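A.B. asks: Protein chains in written order, with the numbering used here: chain A, 1 to 237; chain B, 1 to 237.
One or more hints might be untrue.
Because identical chains cannot be distinguished in the list, a pair is counted as satisfied if it fits within a single copy or across any two copies.
Simulated crosslink set (DSS-like; lysine-lysine; CA at most 27 Å straight-line) [unchecked claim]: (1) K131 <-> K88; (2) K42 <-> K93; (3) K131 <-> K93; (4) K233 <-> K42; (5) K63 <-> K219; (6) K63 <-> K88; (7) K88 <-> K42; (8) K233 <-> K45; (9) K144 <-> K186; (10) K45 <-> K139; (11) K93 <-> K63; (12) K93 <-> K45; (13) K233 <-> K165; (14) K42 <-> K131; (15) K88 <-> K193; (16) K93 <-> K233; (17) K45 <-> K63; (18) K154 <-> K42; (19) K144 <-> K45; (20) K63 <-> K154; (21) K45 <-> K154; (22) K144 <-> K193; (23) K154 <-> K139; (24) K144 <-> K42.
No lab work stands behind these hints: they were computed from the structure.
The structure presented is a predicted model; accordingly, all values stated were derived computationally and were not measured.
2 protein chains.
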Amino acid sequence: MAYELYYWPTIQGRGEFVRLALAEAGANYVDVARRGANGVPKMRKLMTSGRLSMPPYAPPFLKSGDLVVSHVANILLYLGGRHGLAPKAEAAKHWLHGLQLTVTDFVSEVHDTHHPLGPTFYYEQQRAAAKRRTDEFWKLRVPKYLGYFEGILKRSGGPFVTGRKLTYVDLSLFQLIEGLRYAFPKRMRRFEKNVPRLLVLRDRVTARPRIKAYLASDKRIAFNEHGIFRRYKALDR
Amino acid sequence: MAYELYYWPTIQGRGEFVRLALAEAGANYVDVARRGANGVPKMRKLMTSGRLSMPPYAPPFLKSGDLVVSHVANILLYLGGRHGLAPKAEAAKHWLHGLQLTVTDFVSEVHDTHHPLGPTFYYEQQRAAAKRRTDEFWKLRVPKYLGYFEGILKRSGGPFVTGRKLTYVDLSLFQLIEGLRYAFPKRMRRFEKNVPRLLVLRDRVTARPRIKAYLASDKRIAFNEHGIFRRYKALDR
């Protein structure tokens with residue numbers, strides 16, 4: 001039976017981390033909200049109708065038969081075990097999940113660069129705060145987060161976080177690099193030299209046949225100014 | 001063998017969600033950074049020495065023999081399975097983990113009320129932005145998050161999120177109520193009537209013998225203005 005992925009149809013957003021894992025797994029899935037004109041109403045209805053005994057708080061969530069799994073890291077924990085995208089040993093499994101939760105925290109800070117006053121104002125209503133937060137983000141947070149992952153790759157010997165076998169975390173790190181390159185081309189160009197191992201990982205992921213096919217397909221939504229990674233000239237210097 | 005919890009010694013912070021679960025489980029644990037004068041250096045050293053083959057990004061993390069688990073929700077996933085603080089069925093286990101990850105997101109938004117420009121500035125350097133964000137937080141985000149959990153309790157029949165048996169998520173919800181009451185006494189007093197089931201849950205958790213003993217002990221650090229929940233007069237109205 002096909003998985004059903006529920007996520008906003010016009011952005012990569014948080015759903016993209018799941019789409020990449022589904023692509024690499026070669027899994028059969030329906031991107032429900034992108035199917036037909038009433039995809040989004042269908043998604044909203046499922047969340048609020050009371051039909052689900054364990055309703056999720058927000059997209060993305062994945063339906064696998066009767067099972068509903070919400071939150072990116074939780075979905076990847078579930079998929080990782082089923083599709084060989086994670087080690088099986090308990091310690092390594094929890095460690096990988098912890099890495100993914102660190103990715104989650106970083107993604108949230110990326111979002112906050114353009115929405116420091118929260119998701120209820122438009123970017124245009126918080127430009128000054130966004131500028132201040134973005135400067136700090138590049139000065140202190142990017143080096144700390146990406147430096148941590150670079151250190152993990154140094155330790156593992158690369159090209160991936162656990163060594164030679166790809167995991168779902170590697171797919172997410174690929175997405176972080178792509179996203180930063182899109183949103184902050186100038187800043188990222190200057191920063192990249194500090195994380196050579198992450199760049200190798202990024203290239204290795206891009207070269208994988210299923211990922212390559214996915215990225216070239218219309219399943220891959222283009223980056224735009226409604227998702228997590230947004231290109232605003234004023235924030236890139 | 002005793003668990004080792006690694007977290008900052010002077011705040012409840014994110015570590016408190018773990019401490020509450022350890023207390024309710026009656027688990028034997030050492031709060032490493034609170035033990036002796038060099039607790040914090042010991043924690044830092046463990047993180048950076050290269051001794052751990054799977055190093056965490058940040059506290060809190062839990063050591064259980066050779067296993068190291070980081071991030072609150074990941075630690076609770078681990079402890080929940082071992083101490084009967086979570087259901088055993090796969091669907092319910094993933095659902096509970098999803099609920100905890102929603103708590104994580106909410107905690108992050110609580111933190112952002114006083115730090116909208118990020119963790120690298122002091123509150124005093126971002127008062128105006130904090131005020132704006134806090135207003136939105138109470139207008140839109142608190143009703144959405146707590147309304148969701150109230151709905152879950154309505155569905156389960158209460159007093160807890162899965163029904164009559166307590167889980168680690170219930171302990172976390174107790175902590176959220178306590179924290180909001182501490183940080184925003186005026187706003188919370190006005191809001192509480194909207195979430196009667198959460199208040200019942202809070203009272204039921206408080207009455208549990210091990211939690212009661214924990215809260216009365218010096219293991220429970222008092223709320224203060226260095227943690228997640230901070231009482232700033234300017235942000236409470």
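A.B. asks: Now tell me, hint by hint, if it's right for this structure.
C.D. replies: Results of checking the hints against the structure:
no.	hint	result
1	K131 <-> K88	neither (43 Å within a copy, 47 Å between copies)
2	K42 <-> K93	between (34 Å within a copy, 26 Å between copies)
3	K131 <-> K93	neither (38 Å within a copy, 41 Å between copies)
4	K233 <-> K42	neither (36 Å within a copy, 44 Å between copies)
5	K63 <-> K219	within (19 Å within a copy, 41 Å between copies)
6	K63 <-> K88	both (23 Å within a copy, 19 Å between copies)
7	K88 <-> K42	neither (35 Å within a copy, 31 Å between copies)
8	K233 <-> K45	neither (38 Å within a copy, 41 Å between copies)
9	K144 <-> K186	within (19 Å within a copy, 37 Å between copies)
10	K45 <-> K139	between (43 Å within a copy, 24 Å between copies)
11	K93 <-> K63	both (22 Å within a copy, 15 Å between copies)
12	K93 <-> K45	between (34 Å within a copy, 24 Å between copies)
13	K233 <-> K165	neither (38 Å within a copy, 52 Å between copies)
14	K42 <-> K131	neither (37 Å within a copy, 37 Å between copies)
15	K88 <-> K193	neither (34 Å within a copy, 46 Å between copies)
16	K93 <-> K233	neither (40 Å within a copy, 44 Å between copies)
17	K45 <-> K63	within (14 Å within a copy, 42 Å between copies)
18	K154 <-> K42	between (45 Å within a copy, 24 Å between copies)
19	K144 <-> K45	between (41 Å within a copy, 17 Å between copies)
20	K63 <-> K154	between (36 Å within a copy, 23 Å between copies)
21	K45 <-> K154	between (46 Å within a copy, 19 Å between copies)
22	K144 <-> K193	within (15 Å within a copy, 42 Å between copies)
23	K154 <-> K139	within (22 Å within a copy, 46 Å between copies)
24	K144 <-> K42	between (40 Å within a copy, 21 Å between copies)
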